[in-house]
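*Asks:* In order, the protein sequence lines correspond to chains A and B. Per this note's numbering, residue 100 is the first one in the first sequence, and the count goes up by one each step. Per this note's numbering, residue 62 is the first one in the second sequence, and the count goes up by one each step.
The hints are simulated quantities; they were obtained by calculation from the structure and are not laboratory data. For glycine and all other residues, C-beta sits at the position ideal for the given N, C-alpha and C. Treat the hints with care, as some may be off.
[What the hints assert, rightly or not] Below are the SDA-like pairs computed for lysine to any residue, each with C-alpha atoms no more than 25 angstroms apart in a straight line:
#1 B/K165 to A/E415
#2 B/K165 to A/A240
#3 B/K165 to A/T351
#4 B/K89 to B/T111
#5 B/K89 to B/K165
[Said to hold, decoys possible] Which chain A residues stay away from chain B? Per the calculated CB distances, all over 10 angstroms, these:
#6 R273
#7 L474
#8 M520
Listed here are the chains, written in short residue letters.
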Amino acid sequence: MFSLAMRSIRQRPGRFAATLLSAFLGATIIMMFNSLLDTAGADGVDDVSSESLSTAAMVVGGYGSLLVFFAVASTLTVAVRQRTTEIDLLRSTGATPAQITRMIVGEAAVVGLVGSLLAIVPGMLGGRILLDMFQDSGQVADDVDHAFGTIALMSGIDITLLASVGAAFLAVRRATRAREQRAPRRRLRTWGGYAALGLGAALCVTGFAMGDAGPEAMAPPAYGAILLSVGFAAFSPALLGGLLRLTGGLLTAFGGGSGYLTVHGLRQRAAQLSGVLMPMVLFVGISVATLYMQSVENDHIEAAGLTQSVDDKNLETLNFVVVGIIAVFACVMLINTLYAATSYRSREFGQQRLAGATPGQVLAGVGLEGLLLTLTGVFFGTLAAVAGVVPFTVARTDDVLPSAGYGIWLAVVGVAAAATMATALGTARRVLRTPAVETVALAA
Amino acid sequence: MFGRNGRRGTAAGAVDGGAPHEALRLVKVTKVYGTGGAEEAAVTALDGVTLSLPAGSFTAVMGPSGSGKSTLLQCAAGLDRPDSGVVMVDGAEMTGGSETELTKFRRERIGFVFQQYNLLPTLNVAQNTVLPLKLAGRRVDRARVREVLARVGLADRMRHRPDQLSGGQRQRVAIARALVAAPSVVFADEPTGALDTRSARDVLGLLQETVRVDGRTVVMVTHDPVAASYADSVLFLADGRLVGQLNAPTADAVAERMTHLGDMYEAEGPHRAPHHDPRNSAPMGV
Ligand SMILES: Nc1ncnc2c1ncn2[C@@H]1O[C@H](COP(=O)(O)OP(=O)(O)OP(=O)(O)O)[C@@H](O)[C@H]1O
Ligand SMILES: [Mg+2]
Chain A
100 MFSLAMRSIR
110 QRPGRFAATL
120 LSAFLGATII
130 MMFNSLLDTA
140 GADGVDDVSS
150 ESLSTAAMVV
160 GGYGSLLVFF
170 AVASTLTVAV
180 RQRTTEIDLL
190 RSTGATPAQI
200 TRMIVGEAAV
210 VGLVGSLLAI
220 VPGMLGGRIL
230 LDMFQDSGQV
240 ADDVDHAFGT
250 IALMSGIDIT
260 LLASVGAAFL
270 AVRRATRARE
280 QRAPRRRLRT
290 WGGYAALGLG
300 AALCVTGFAM
310 GDAGPEAMAP
320 PAYGAILLSV
330 GFAAFSPALL
340 GGLLRLTGGL
350 LTAFGGGSGY
360 LTVHGLRQRA
370 AQLSGVLMPM
380 VLFVGISVAT
390 LYMQSVENDH
400 IEAAGLTQSV
410 DDKNLETLNF
420 VVVGIIAVFA
430 CVMLINTLYA
440 ATSYRSREFG
450 QQRLAGATPG
460 QVLAGVGLEG
470 LLLTLTGVFF
480 GTLAAVAGVV
490 PFTVARTDDV
500 LPSAGYGIWL
510 AVVGVAAAAT
520 MATALGTARR
530 VLRTPAVETV
540 ALAA
Chain B
62 MFGRNGRRGT
72 AAGAVDGGAP
82 HEALRLVKVT
92 KVYGTGGAEE
102 AAVTALDGVT
112 LSLPAGSFTA
122 VMGPSGSGKS
132 TLLQCAAGLD
142 RPDSGVVMVD
152 GAEMTGGSET
162 ELTKFRRERI
172 GFVFQQYNLL
182 PTLNVAQNTV
192 LPLKLAGRRV
202 DRARVREVLA
212 RVGLADRMRH
222 RPDQLSGGQR
232 QRVAIARALV
242 AAPSVVFADE
252 PTGALDTRSA
262 RDVLGLLQET
272 VRVDGRTVVM
282 VTHDPVAASY
292 ADSVLFLADG
302 RLVGQLNAPT
312 ADAVAERMTH
322 LGDMYEAEGP
332 HRAPHHDPRN
342 SAPMGV
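Between the sequences and the hints, there should be enough to build the whole structure, so can you do that?
*Replies:* Right, here's the structure in full:
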C-alpha cells in the first residue's frame, strides 16, 4: 500500500500541490522561528541575547507553530475529503479500510516530509533575517551567529508531519467508515472543539492577571485567541447552518436560482466548509488580536509617561513583522484551501450547468457562498480576537477596549473578504471554462 | 407541465401551419474534434448530418461505439457547438452564441437525460426536480411537482437524496427533471445503459408515455435493440454519418441491421475503426 501511495503521488503531482504548499510554508515558518532557539543555545552567546531570542522563539514561535499545525491539518482534511469518490472506488474494488488508510496516510506522510525537507533552506534564510532584525533592534549582540540545529529541524519536521498525518488519518477514517457510522467523528470533533474553547478561554482569562509582565504578557491571550479560533472553526458548520436558516428564505427569494443553489448546496456541505473556515477564522483572529494588543502596548508605554525609545520602536517593528509573517501565512492557507476546495467542484458546477444554470448563475452562487463564509469566518475570528484583546487591555490600561478604533479590524476584514471572494470567484471562473459535458464525464 | 388539457403554446417563432409540426431539424451539422493540436489527428465526429423529426415522435439513434451518437445529441441539445450546420428546435434556430445564450435557449425547449443521471448530490429528489424551474426563475407549483414525481413513481421519495436511491430511481428523477419544464424535445443518451432490465423497462415506458400522452418528441441513443424497439423509428449512425433508418422497429430487425452495419463499418472504415472514446473509459486512476 505504501508503494501504491508513492505511485499515486507520482502520477498526479498536481493534486498534491495544495498540501505540499501548506506543508512547505508551515515547516518554513516553524523552522525559521525555532532556529532562534538553536541560536540562543549555541556556545558563547551572552545571557541577554539568549534570553531575548528564547523569549521570541517561545512566544511567537510557539503560537506560530500551533497555528501552522491547525492550518496544515485543515488543508489536509479538505484534500482527503475531496477523494471520497476514489476511496469509494477502491473500497468497491476490494481494498480494506486499513489498506486505504495506509495509502492516504502514507501519501500525507510523504508530502509532509518532502514539504519539510524543502523548507530547510528557506527556513535557514528566514531565521537569519529574523536574527538580523533582532540585532538591529539591539536585543541581541551583534557577534551572535545564526545557528540552524536540531531544534529547528526536528520541530519543523515533527509538527508538519504530525499535522499532515494526523489530519489525513482522521479524514480517511471518516471516509472509509460507512455512512451509518458518522457518530464517532462528530463526537471527536465536538470534544476537540470544547477542549479548544475551554483551554482558549482559560488562557485568555490568565491575561487579566499579567498586567506587570513584559511584552510576553501578550502570549497567553494570543495562544488563547488561536485556540478559540480553532474551537470556533470546529463548531462553525453549526453556525453556518444557523445563518442559512436565518437568511435562507431571503436568499432564495431574492437570490433567484443562484440563491437556491447556494442555500441547498451549503446546507449539505456545511461540515466540509469548516476546513476552509479554519484558516479564515485563524487569520482574522490572530491578526486582529495581535495588532490590537500591540496598539494597547503602545498606549501603555505612553500612559506610563515614557516616550517610545528607539528600542521600543524597533520592538514594535519586530512585532509587526513577526505578526505579519504569521498573518500572511494564514491568509495564504486560506487562499490555498479555498482554491483546492473550489477547483474540486468542477463536476458539481457542470451538473448545475447541465440542469440549466448559466455560468453567471454558477458564479453568483459561488459569490454568495463566499459572502456567507466570510461573514461566518469574520464573526468567529472577531469573537476569538476580542476574547484575547480584552483581558490584555484590562491588564495593561484602565480601559476595557483598546483605543485604536475600528480601522485595524476593518482592514483585516477587508483582506479576508477580498482573499475569499477573489479566490472563490477566480477559481470558479477558471473551472467554468471547461465545457459542462466534459466536467461531468471526467470523474465518472 | 404534463398538460393533458390542450396543446402546448407555440414557442417564439414556431410554425404551427404545416402539418406535421417539426420538432427538430439538423442541416449539414458537422463537428470535428482535435483540430487545434498538432500532435493529435482531427476526428470528424459528425460529418454533415441532416435530419428532421416531427413533433410527437420517438426516435432511437444507434451505431457502433465512436460513431458520433453522443456528439449528435449534444450538438442538437445545445450542450456542444457544432462547427458548421444549422440546428433548429421547435422552429427556432439555435445560434452558436455564448453559453448563457445557449442555456437560455435550452431551458425553453430542451430536456436532457444522461446515462450517469447527473443529479445534484446535495439536493433531494424534489429539489433536483424543480431545479430547472428555479434556475429559469419560473414559479414552482408544488402540486405540479408532486404530479410529475407521482408520474415517475417517486412521490413518496421526495425528501430522499440521490445517494439514497437505486440507479433506476435516480434515472426516473432525472426524467422528471427533464420533463418538469415541459420541453418540446427530450434527449436521452443511453438512459438505460447503467440499469437492469426491469428498471430499463420502467424508464423506456416513461419516455414512451411522454411521447404518446404529452406529445413530446424524444430522441434516445441506445446500444440495446430491445430499447430501440420502444421507438417509432431508429436512425443508424456510422462514422459520423446517417446510414439508414428503420421504421416501426422490432428488436430482431434492429439487431439484424446492427450486425449488418458492423460489417459495413468494418469494411468501409478501417482507417478509424478502434476509436477510444475517453469519456466512456474510467479515468479514475489510483
Ligand atoms: N471531447 C472530445 N475530444 C476529442 N474527441 C472526442 C471528444 N468527444 C468525442 N470525441 C470523438 O468523437 C467520436 C464520436 O464520439 P461520440 O462520443 O459521439 O461516440 P458515440 O457514438 O457516442 O460512442 P459510444 O457509443 O461509445 O458512446 C469518437 O471518435 C470520439 O473519440
Ligand atoms: Mg456516447
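*Asks:* If a hint holds in the structure, say so; if it does not, say that too.
*Replies:* Quick rundown of the hints versus the structure:
{"no.": "1", "hint": "B/K165 to A/E415", "verdict": "58 angstroms, violated"}
{"no.": "2", "hint": "B/K165 to A/A240", "verdict": "71 angstroms, violated"}
{"no.": "3", "hint": "B/K165 to A/T351", "verdict": "20 angstroms, holds"}
{"no.": "4", "hint": "B/K89 to B/T111", "verdict": "5 angstroms, holds"}
{"no.": "5", "hint": "B/K89 to B/K165", "verdict": "24 angstroms, holds"}
{"no.": "6", "hint": "R273", "verdict": "16 angstroms, holds"}
{"no.": "7", "hint": "L474", "verdict": "20 angstroms, holds"}
{"no.": "8", "hint": "M520", "verdict": "21 angstroms, holds"}
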